[in-house]
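J.: So you can see what is in the structure, the chains are spelled out below.
Number of protein chains: 2
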Amino acid sequence: MSLDAVLARIDADLDPALERLKQLLAIPSVSTDPAHAGDCDQAAALLAEDLRAIGFEASVRPTPGRPMVVGHVGSEGPSLLFYGHYDVQPADPLELWHSPPFEPQIEDTPKGKVIRARGAADDKGQLMTFLEACRAWKAVHGSLPGRITIFLEGEEESGSPSLIPFLKENADELRADVALICDTDMFGQTPAIVTQLRGLLGEEIIITGPSRDLHSGLYGGLAMNPARVLTKVLASLHDESGRITVPGFYDGVPPLDPELARQWEGLGFDASGFLGDVGLSAPAGEQGKTPLEMIWSEPTCEINGMITGYTGEGFKTVLPAQASAKLSFRLVGQQDPHKIRDAFRAMVRAQIPEDCEVEFHDHGASPASRMNITAPQFETARQALSREWDCEAAFIGVGGSIPVAGYFQTILGMDSLLIGFGSTDDAIHSPNEKYNVSAFHKGMRSWARILDALAH
Amino acid sequence: MSLDAVLARIDADLDPALERLKQLLAIPSVSTDPAHAGDCDQAAALLAEDLRAIGFEASVRPTPGRPMVVGHVGSEGPSLLFYGHYDVQPADPLELWHSPPFEPQIEDTPKGKVIRARGAADDKGQLMTFLEACRAWKAVHGSLPGRITIFLEGEEESGSPSLIPFLKENADELRADVALICDTDMFGQTPAIVTQLRGLLGEEIIITGPSRDLHSGLYGGLAMNPARVLTKVLASLHDESGRITVPGFYDGVPPLDPELARQWEGLGFDASGFLGDVGLSAPAGEQGKTPLEMIWSEPTCEINGMITGYTGEGFKTVLPAQASAKLSFRLVGQQDPHKIRDAFRAMVRAQIPEDCEVEFHDHGASPASRMNITAPQFETARQALSREWDCEAAFIGVGGSIPVAGYFQTILGMDSLLIGFGSTDDAIHSPNEKYNVSAFHKGMRSWARILDALAH
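As they're listed, the protein sequences go chains A and B.
Note that the first sequence covers residues 42 to 497 in the numbering used here.
Note that the second sequence covers residues 42 to 497 in the numbering used here.
It is worth saying that the hints were derived from the structure and are not from the lab.
Hints should not be assumed to be uniformly reliable.
Computed, partial: chain A to chain B, Cβ under 10 Å [as the list claims (entries may be wrong)]: (1) Gly250; (2) Ser257; (3) Ser282; (4) Gln304; (5) Thr341; (6) Met388; (7) Arg390; (8) Ala391; (9) Ile393; (10) Val399; (11) His404; (12) Ser442.
Take a look, some chain B residues computed to stay more than 12 Å from chain A by CB distance [what the hints assert, rightly or not]: (13) Glu98; (14) Pro103; (15) Asp149; (16) Lys152; (17) Leu204; (18) Thr231; (19) Pro296; (20) Asp298; (21) Ala302; (22) Gly317; (23) Pro378; (24) Ser442.
Computed from a predicted structure; not experimentally measured.
All C-beta atoms in this analysis are idealised placements derived from N, C-alpha and C, irrespective of residue type, glycine included.
The task is simple: from the sequences and hints, build the whole structure.
T.: Printed below as a string of structure tokens:
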């Protein structure tokens, strides 16, 4: 019955836990802004001190950018690495906040109590669910189960420039049986473990024709128009059925696991509601795929931006010298971003007429991540979550990328249990960010149950 | 031998004629800038006074914008309407001028003497060639041949807002057997009469998909991307051979007149040089057409501008809510801009998927102009020009539009002899505009010969 004692302790300790969270939220640890470097140091120091209070050997570890916080506890038994980040997005535009972003407030809303501040959900509230679970466990048991490392980053919102070198230099110290990452959402009301994330390939194409903008009366019809070339190239990237035409693009795209297909089916995803919220009605992906497959397990090719010629008010009969586009490919399974980049560039080059030149800019390439969900921790954690939330927890995908999960696989050789308690309406990266107090509370209880289940 | 006397008078009077041109060039009659309204009035008054000195009954005629200048002389015989414009482009950027734009200078250059000032070529120097020819004629003969009306506009560089109403209200006063327009270039060293001008249809397409920009990880693959729709639409406008695919687009495109084809062939147009100057090498128009046909007698469809999504530095994985493009069609022969607009819009609408909307903005529609070159004045003027320049003058086309020539056809029912002495290196609309003194001199002589030939 010791788990019950930990859960009771968490329940009794909710108000002080919220006060501790408020203390952390009051620090404007914005990592993209050098003016807030001292605030990041302060947040790191506060967290290291708090970890020591829970029994961790904790230290603030310098990097060329914002510091990392690392804490260890325990010397035997199964090992876990918990990851979260203490840095936050900038709060701009400030005028859209109803209360100051770094003066956290508990508010009653029609959907229940929330704590409102920049970072409430992303990621200070989420990372504190784990620390508070550890605190309650320690209070009840006098020690923590197995070997736990807590690893908190301070540059997640600014592209994690120090993360890869830090992981490589400290691989032996950080490696564990499995990682826990608390930086994701639930699936509506359903607790969820993210088991696959799409990769990302970013490309920019710049097509140049004449040496300067030309008058379309004087040259139109005779001179090559690079804007026309660009539209031909971009229009060639999908066929009529919506399939992407880059040669070899689908190499390494796995069929959907039937068990996952069953679970996803069971989620009852409301595609019309999801699309309806943004003014759309019809799934636009490849024919024959379900909406969840389109965003979780199918690759994409999207135009993210495009510019050429005159785009101001009114009209100018210019024949542009240059036309450019930014594109991204979301990748799944074993798709190789580097091979796809090469195939894409070759396909574009083959369509460039003799009077145009094309230049490519590389905007990153990361492969997809898929966790090995047959590893026992996945089912164990899923059952623990299901017990806390009193409904079947799901293995889900996400359409975006969480790079740290990929680095843990490639650098530390371990899978991650991506478990978070965020809601799509938390307004992360936007004004008036909040975290549901119920998510905070049941999040702490969830981690206590997961720690208990993984320890046994 | 009276023509010889007029030509001799022109030769003897060159320096005073340049002084008179300088006086006109010193007035900054910029029509787009209301601050220069008084300067436009002053230029109009100076010209009216000068016309009176040559024997015209001249008046400055108010409009809602800048005034027109109209002068009449003669009461019997064949009638001519001469058109020019006394307003000029703004002189910005001032810092790129080597001498002040409204302090005209005569300069020696490796290619000969030039007069440098804003408006030197466009159009004050050109319009003065005709006035000076009249002045010399009057001095020698005591009167001018036939009936001549001189009509000078002050809003050509700001879209001619008063021109159509003025032509309609004064149609009987202005109508003549033929118009003379001096606002075009020679064809290299060859004197030329422009006998066809392309029309222009301007369109803007705005395609809207989701109600806001979306995250391409969260929505990519499921949500319709309007940028993708736009590229499909634009790429569909030309077929593989470069032909425009808008249904009915080629209705009214006439075959090239064999006599014109022969003359154009004889011009020895250096397409590689023309394209080479702007960094290109290959004619990009429809297969099977000559380079001059591509810019003078073939219609076009060009993308003038396009914008969607994120176009700043770096990368943003946004799925844009909107994508837009500006396009122009250059029209020839009897192509009907309104029918083409309708067909274009219907073709675009048919390609818009259910989750997108399209909006069109109208940026003008004017048909092409073609002069009836079998009218006797055309061959008469061509022979007169050939005699002055001692080489066969040519009937040529221009790829752009000179709207006044179209209005003279549709409102006054008369064709125009578009004869000008500009060079492509005159830098009209640019800093350091100039007019060749030889063009000014031989321009005056050309008009004397044309007046003589048309009078007989």
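J.: The structure should be examined with respect to each hint, and the outcome stated for every one.
T.: Hints versus structure:
Using the Cβ-Cβ criterion of 10 Å, the hint placing glycine 250 of chain A at the interface with chain B is satisfied: the shortest such distance is roughly 7 Å. Annotation: interface hint on serine 257 of chain A holds; nearest CB of chain B at approximately 5 Å, less than 10 Å. The interface hint given for serine 282 of chain A is broken, as the beta carbon of that residue sits about 13 Å from the closest beta carbon of chain B, more than 10 Å. Interface hint status for glutamine 304 of chain A: violated, as the beta-carbon distance to the closest one in chain B is roughly 19 Å, over 10 Å.
Interface hint at threonine 341 of chain A: satisfied, since its Cβ lies 4 Å from the closest Cβ of chain B, which is below the 10 Å cut-off. A least Cβ separation of about 15 Å between methionine 388 of chain A and chain B goes past the 10 Å threshold, and the interface hint is therefore violated. Restraint check, arginine 390 of chain A versus chain B: the minimum CB separation of about 17 Å is more than 10 Å; hint violated. Annotation: alanine 391 of chain A was flagged as interfacial toward chain B, and the flag is violated, the nearest CB pair being 14 Å apart, outside 10 Å.
The beta carbon of isoleucine 393 of chain A comes no nearer than 13 Å to any beta carbon in chain B, farther than 10 Å, and the hint placing it at the interface is violated. A hinted interface residue such as valine 399 of chain A counts as satisfied when its beta carbon comes closer than 10 Å to some beta carbon of chain B; here the least separation is about 15 Å, so the hint is violated. Evaluation of the histidine 404 of chain A hint against chain B yields a held restraint, the C-beta minimum of about 4 Å falling below 10 Å. Hint on serine 442 of chain A holds. Least Cβ distance to chain B is approximately 6 Å, under the 10 Å limit.
With a cut of 12 Å on Cβ distances, glutamate 98 of chain B stays outside the contact zone with chain A, its closest approach being about 37 Å. For proline 103 of chain B, the requirement that its beta carbon stay farther than 12 Å from each beta carbon of chain A is met, with the minimum near 27 Å. With a least CB separation of 29 Å from chain A, aspartate 149 of chain B remains clear of the 12 Å interface cut-off, as annotated. With a closest Cβ-Cβ approach of about 21 Å to chain A, lysine 152 of chain B is found to remain outside the 12 Å limit, as its non-interface label requires.
Every CB of chain A lies more than 12 Å from the CB of leucine 204 of chain B, the least distance being 19 Å, so the non-interface label holds. For threonine 231 of chain B, the requirement that its beta carbon stay farther than 12 Å from each beta carbon of chain A is met, with the minimum near 17 Å. At roughly 17 Å, the least C-beta separation between proline 296 of chain B and chain A is larger than 12 Å, which holds for a residue marked as non-interface. Interface exclusion of aspartate 298 of chain B from chain A stands, the closest Cβ pair being 18 Å apart, more than 12 Å.
Interface exclusion of alanine 302 of chain B from chain A stands, the closest Cβ pair being 17 Å apart, more than 12 Å. With 12 Å as the threshold on Cβ separation, the claim that glycine 317 of chain B sits away from chain A is violated: the shortest Cβ distance comes to roughly 10 Å. Look at proline 378 of chain B: its CB is around 14 Å from the nearest CB on chain A, clear of 12 Å, so calling it non-interface holds up. With 12 Å as the threshold on Cβ separation, the claim that serine 442 of chain B sits away from chain A is violated: the shortest Cβ distance comes to roughly 6 Å.
Comparing the model with each earlier hint shows violations of hints 3, 4, 6, 7, 8, 9, 10, 22, 24; every other hint is respected.
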